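With chain R's structure known, arrange chain B on it following the hints.
Going line by line, the protein sequences match chains R and B. Residues in the first sequence are numbered consecutively from 1, following the UniProt record's numbering. Residues in the second sequence are numbered consecutively from 1, following the UniProt record's numbering.
Calculated from the structure, these hints are not laboratory results. The structure presented is a predicted model; accordingly, all values stated were derived computationally and were not measured. Beta carbons: idealized from backbone N, C-alpha and C, even for Gly. A couple of the hints might just be wrong.
[To be verified] Here's a subset of chain R near chain B, in silico, CB distances under 8 Å, partners left out:
#1 V16
#2 Q19
#3 A37
#4 E56
#5 M59
#6 I62
#7 G63
#8 P92
#9 A162
#10 L164
#11 S178
#12 N186
#13 M188
[Unchecked claim] Cut-off 20 Å, straight-line C-alpha distance, at most; resulting in silico cross-link-like pairs (SDA-like, lysine to any residue):
#14 K177(R) / E529(B)
#15 K181(R) / D533(B)
#16 K181(R) / R519(B)
#17 K520(B) / I182(R)
#18 K565(B) / M141(R)
#19 K177(R) / K384(B)
#20 K181(R) / H252(B)
#21 K560(B) / S592(B)
#22 K584(B) / Y573(B)
#23 K409(B) / K476(B)
#24 K55(R) / K554(B)
#25 K520(B) / A180(B)
#26 K181(R) / E526(B)
#27 K125(R) / D168(R)
#28 K128(R) / E529(B)
#29 K560(B) / L57(R)
#30 K177(R) / R519(B)
#31 K554(B) / A58(R)
#32 K554(B) / K181(R)
#33 K560(B) / M141(R)
#34 K384(B) / Q583(B)
#35 K181(R) / S516(B)
#36 K554(B) / K177(R)
#37 K560(B) / A140(R)
#38 K55(R) / E556(B)
#39 K177(R) / H252(B)
Here is what each chain is made of, one letter per residue.
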Amino acid sequence: MGSTNSTLLKIPNVEVLMQETGFSPAHIIRLHDRFKALDKEGRGHLCPQDFGAIKELAMNPIGDRIIGAFFSPGKETVDFDTFVKILAHFRPVDKDRPKELNSPEPINSRSNKLRFAFQLYDQDKDGKISRDELLQVLRAMLGMQVTEEQLESVADRTIQEADLDRDDAISFEEFRKSLEKINIDNLMSIRFLR
Amino acid sequence: MRGLSLLLFITVAGEATTDLFVTVASLPPELEVSAAPAGTSPVTARHIPGPGEYGHPGIALARSEEEPAVPSTEDGESSHPHGGGGGGYEIVQWEWSYVKTPYIIASWLLVASVAKILFHCSQRFTTAVPESCMLILLGLVLGAVVLIASKKQTYQLDPGLFFLFLLPTIVGDAGYFMPARLFFDNLGAILMYAVVGTLWNAFCTGFCLYGVKMAGGIDEKVNAGLMDFLLFGALISAVDPVAVIAVFEEVHVNETLFIIVFGESLLNDAVTVVLYKVYISFVEAGPGNVYTADYFKGIASFLIVSIGGTLVGLIFAVILAFVTRFTKTVRIIEPLFIFLLVYLAYLTAELFSLSAILSMTFCGIGCNKYVEANISQKSRTTVKYTMKTLASIAETIIFIFLGISAVDKSKWAWDTGLVVSTLIFILVFRAVGVAGQTWFLNWFRLVPLEKIDQVVMSYGGLRGAVAFALVVLLDKEHVKAKDYFVATTIVVVFFTVMFQGLTIKPLVKWLKVPRSTNRKPTINEEIHERAFDHILTAVEDIAGLNGYHHWRDKWEQFDKNYLSKLLLRKSVYHKSELWEAYQKINIRDAISVIDQGGNVLTSARLSLPSMASRTSFPEFTNVTNYLRENGSGVCLDLQVIDTVPGAKIEEELETHHVLAENLYKPRRQYQSHYSRHFMTVGEKERQDREVFQRNMHNRLESFKSTRYKRHKKDRSQKKHKGSDAKEQDTSDKPRRNVSWQDRDPVVVPMAPEEDIHDPSEPDKDEDVGITFVARKAPETPKERPKSVPAALDACQSPVAAPPSPTCGEKNLPWKYGMGSLPPCVSVEANKIIPIDLQQAWNQSISSLESLASPPEPQHPRVSALSRLGGPVRTSANGKSGGGVGAGSGSNIGSPSSGQFKFPTAKEEEEEGALSQQQQELQALMSSLTPPPATQSAGKRRNPCVYLRSLVTVPPSGGEPQSRRPTQL
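Extracted from the complex, chain R is given alone in its bound form (with noise of 0.2 Å):
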């Protein structure tokens, strides 16, 4: 246990950290260890190109929108804060866990792992999925598989599906309504070993 208490006070705010994560320590200190090992220079943050040494993640369709949801708007860096934090979304939700009232909505809820899933869609951030978004998201996962058209009926189809209010677009409210039935918990979790 002493080196693992060494290794937590090298991070700083770490009882924040594990406090809004739900991380255990030994989560932390693995996640530590590969934030260390991404990044290669040693900086203390991460930059695109750290995430870009990843060669699994190159041949991922929708790699690049992932590490683009690490960055915030006009930041170049991730430090491991925001590093925990977005892996935190991913995190199985704990059942057992007692419910505290007041507490704010913990990272990996329901609504914030959607919100994850919404925004790498919504690359523009203007809450809304259009059909360009969506036919790009399309045109990533299919790849030169399909025909543009293909693509477009495919878009067309499911913007029509999720769209309520006929604007063209999926609005996350619609977005999480298309997808309410779907058992998000378990799909947009992670086990994270211990």
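Just chain B, lined up with the frame of chain R:
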């Protein structure tokens, strides 16, 4: 029930008949479901490869134990055997021996199928009692009948038959249609329960039974040692796939729970097979001759059996997928390849005494994706239905025979201590095992298994036919207590299938286990779920965890880069899964639309998403289907004959009633035909009305936006349907025609009315109407345009009356003003038009018509005019779908060819479509009054001229017509 027993009597009698001479029969008597004929001496039984095929030589058939009495002389059928012995010139006797085997098989299949029908007669009953219970009960009854009839049990579940024919059909179905993603997502848990859980159950049950025996809980007569009990524990502990499928299918627990129990029941086969074989060899060798090395051999054997079985299955999966790449020219045997290779996977595994179930399951799971992509839609349907049919019938037979087998005095050696302790042990150890394993698994599972899940899993550990077949296979010479084991197994199987099967549903309800929803994913869900997969993979990569998503992604890459390239046709390889999913959704939409409302048109308006599906080819089949279903157009034909001669108002009224009824029939028939659930008439009507109301509401409210959106959709759709576009262009005419055709029938009733209002109507017109032989091309052009408003009028009549009491039936509805117009268009026209494939266009037209509501005075004349064409068309219509298609094909030739120049020209300027659309719309609205006017005038004109006027005069009206077709 009587019929069944009668059938049974016949077969039993037949059995008895053949007994006399079958002893030297050249036919392989083992093929049949029934056991060897009573008269067959043990010698024949030994000839029979029977269970020996399963790799357990030296095991005598259980049924040959009882030395038969002289076959059935007491029965009424005694005359038959008498004749049977008579000689070769008695044809009947000879034929019986010739057809005996297939005959009995067919009879049994019939019994089983009829039994299913009977069970499903009462719906309330079947929801409460699982089918498997009923089948076992039926089997018991039949068994009793057989026993009384022939004084001994002739039939029983023959292990050879079970393992070679019945089980593979069920496992094949299960494997092929296994939800692969779900299965692999939970593979860890499934393997855990299948291997560890089964071993745990087997050992604990075996040892504890031995303990009870030592403690004196089991009678001295049960002559069994530790090895015997371990053997028994091994065969009784495995959860049975057949029982699990049968029971869980009706319970509808959530998928995760189902896949875990179901997967376990399939994958534990390897464990069961190995344990069974190892113990058998131990038992045969004798307890003293078992050395430590043998245990290790057992473990090695387990690895070989399980991994080998899986490999065999996967190899066959690859072969199968590869073969289906090249079946393009021989579509008709595609399903056969699938059945053969999947079955061969089973047999090959059996050949090397590997785990056959494992092999077949993995063959199914492995090949499904590629095969489904390679084979044609029809083959897919064929495979699906054939597999389901076979599996269902095999399941039925298994349960019936389980019941029958139980009624056999010879096998019953009852020991209460053994039975009770076995029951307790399997229940307790199952529960304990599940709890322990789940506790362990939950450390690693993302979604932990809840307490409730564990209860259902322990309670769902059903034993079944596999255990029974295995216990019957035991060799009595080595396993002295076989009879006790058989009896106990039967009790255990019956208890689990009947008691647990019966109570699991209430239990699930009571525990509020999350149920599975039968909902199919929407396109949004499909897309976003895929995105989620990518996101999670990326996050795992970023977080440096080589977790599940990481490996799945790796596999998908491998699959995409190598496997799919090898196993998929080139044409298929380039299609994306998501695109496939999209099309599937579209097709499903179209089908459900037709299923629900029975009309594509209505829901096209109601649910925009389904618009895109219009163009996809399956649509056509749907529509054809619909056409066929709507064969009640025939009725209309009859109506024509009825009404035309008598031109009285009373008759009008009557016609109206009849027509109204008849027109409502299609939908009603349709519904009852497609829905599995019975619906009260009241409900149906309410639904009708609801559909109608929604339809109207939507129509009026969303008219503009709908049009626009649809248009847009159509455009894009059309673009990517590049090749289809041409085809559609050519097929426009018939299609449109169909729509006209369809409207016309409604027109028919108008005929009498015109007599009153417009007596000046030339007689020859009527003649045309009455003879309605004229389905010639030249004539129709005249009729078509006239029928536009006529159709309108007519639509009104049927609709107004039945659903809405406001339109009194005292008055002819079509005499109402425009007020009643819209409803008529919406419901009736819709109902009839769906055949039309360009609903979009039709909708706009019809709704426009309804909105613009043509002037009153026109009605009679128009209808009179329509009469000209009406009967003709109805006649064509009456000739069923084919007639319609044929007749219509030629009908509209001329007008449409004129119109279709528009679209080609417009194809380029699609960008301006929006504005144009609106223009069109407005133009249409305003100019809709003109057309009727022209019509009334044009009525006396040369029809051709009039026709041209219709096409050219209101260009705005013509435009959407022309546009739609091409755009669709």
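K584(B) paired with Y573(B) [C-alpha distance capped at 20 Å]:
Roughly 17 Å between the alpha carbons, so the hint for K584(B) and Y573(B) holds.
Take the C-alpha atoms of K554(B) and K181(R), compute the straight-line distance between them, and say whether it is at most 20 Å.
28 Å, violated
Taken at face value, is the distance from the CA of R519(B) to the CA of K177(R) at most 20 Å?
Holds: K177(R) and R519(B) sit about 15 Å apart, inside 20 Å.
Take the C-alpha atoms of K125(R) and D168(R), compute the straight-line distance between them, and say whether it is at most 20 Å.
16 Å, holds
Would the hint linking K554(B) and K177(R) be met if the CA-CA limit is 20 Å?
32 Å, violated
Against chain B, with CB atoms and a cut of 8 Å, does the hint on A37(R) hold up?
7 Å, holds
Is the straight-line distance between the alpha-carbon of K181(R) and that of R519(B) 20 Å or less?
Between K181(R) and R519(B) the Cα gap is close to 9 Å, so the pair holds against 20 Å.
Against chain B, is A162(R) within 8 Å by beta-carbon distance?
The hint holds - A162(R) has a Cβ within 8 Å of chain B, the shortest such distance being about 5 Å.
Next pair to validate is K181(R) with E526(B); report whether the Cα-Cα distance is within 20 Å.
12 Å, holds
Hint check: 8 Å Cβ-Cβ cutoff, Q19(R) to chain B:
Since the shortest Cβ distance to chain B is 20 Å, the answer is violated.
Are the Cα atoms of K560(B) and A140(R) separated by 20 Å or less?
With Cα atoms ~15 Å apart, K560(B) and A140(R) stay inside 20 Å; holds.
Taking 20 Å as the top limit, are the C-alpha atoms of K177(R) and E529(B) close enough?
The given pair, whose Cα atoms are some 14 Å apart, holds under the 20 Å limit.
The structure does not agree with the numbered hints 1, 2, 10, 19, 21, 32, 36 and 39 stated previously, though it agrees with the rest.
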